[in-house]
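Q: Sequence:
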Amino acid sequence: MSCGKHHGRHENCVCEAVEQIIEEQEAVEETCPTSCFGNLLNPTVSGKDTIPFLLFDESGGLFSTFGNIGGFVDDMQCFESIFFRAESLKDCCATLSILKPVDINGNTLSVCHPCDPDFFGLEKTEFCIEVDLNCFCAIQCLSPELVDRAADNKHNHG
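Numbering (this note's numbering), first residue to last: -11 to 146.
Honestly, the hints are just simulated from the structure, not real lab data. Beta carbons are placed, not taken as given, at the ideal position from N, Cα and C, and that holds for glycine. Possibly wrong hints are sitting among the right ones.
[What the hints assert, rightly or not] In silico DSS-like links for lysine-lysine, alpha-carbon gap of 27 Å or less:
(1) LYS36 to LYS112
(2) LYS78 to LYS112
(3) LYS78 to LYS36
[To be verified] With beta-carbon atoms standing in for the labels, derived distance ranges:
(4) CYS66 to CYS1: 26 to 36 Å
(5) ASP91 to GLU46: 26 to 36 Å
(6) ILE57 to GLY94: 19 to 29 Å
(7) LYS78 to PRO105: 31 to 41 Å
(8) ALA138 to ASP79: 37 to 47 Å
(9) CYS81 to ALA139: 14 to 24 Å
All chains should be modelled from the sequences, with the hints used to inform the complete structure.
A: See the structure below:
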């Protein structure tokens, strides 16, 4: 299978992964312990209902988009993000919410690389984007602990 070719939902590993992520997120919300991603979201961890992930194009580049364009919400700051939460999926077209990158103090960041030294955690937003998952060749799931990460975890190291 060539990357980005339309083969149908069940022949695209990115579509299948997003479908599993949605099922796992819903299972946690319903406190159901069974799923292929059960090791990522532990139903006993309170408040963790998001598996953040990155999407890569066929050349290995990270997909990014923008949230809070025009600065109408929260701290009024527009941001760029490479981090997403799956909200829904239909025929390999997904609605993804954009996760807002923040620094250790909770300030909004624009992050184009996951190893950005100022990046500390993620916050859920209501900013969404519709994507054709056939356009992506790889997906990388990240730790749910990044979402609403407490700053005191990092202070213990310094």
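Q: Are the Cα atoms of LYS78 and LYS112 separated by 27 Å or less?
A: Between LYS78 and LYS112 the Cα gap is close to 22 Å, so the pair holds against 27 Å.
Q: Has the hinted range 26 to 36 Å been met by the Cβ atoms of CYS66 and CYS1?
A: 32 Å, holds
Q: If you draw a straight line from the CA of LYS36 to the CA of LYS112, is it 27 Å or shorter?
A: 11 Å, holds
Q: Checking one constraint from the list: CA of LYS78 to CA of LYS36, max 27 Å. Satisfied?
A: Distance of about 24 Å is within 27 Å: holds.
Q: Okay, ILE57 versus GLY94 on CB: inside 19 to 29 Å?
A: 21 Å, holds
Q: With respect to the beta-carbon atoms only, verify the hint that LYS78 and PRO105 lie 31 to 41 Å apart.
A: Between LYS78 and PRO105, where Cβ atoms are some 38 Å apart, the hint holds.
Q: Is it true that ALA138 and ASP79 lie within 37 to 47 Å of each other by Cβ?
A: 39 Å, holds
Q: Could one say that the CB atoms of CYS81 and ALA139 fall in the range 14 to 24 Å?
A: Taking Cβ atoms as reference, CYS81 and ALA139 lie about 37 Å apart, which means the hint is violated.
Q: Just tell me: holds or violated, for the beta carbon distance of ASP91 and GLU46 against 26 to 36 Å?
A: 32 Å, holds
Violation of the numbered hints given earlier is confined to hint 9; every other hint is satisfied by the structure.
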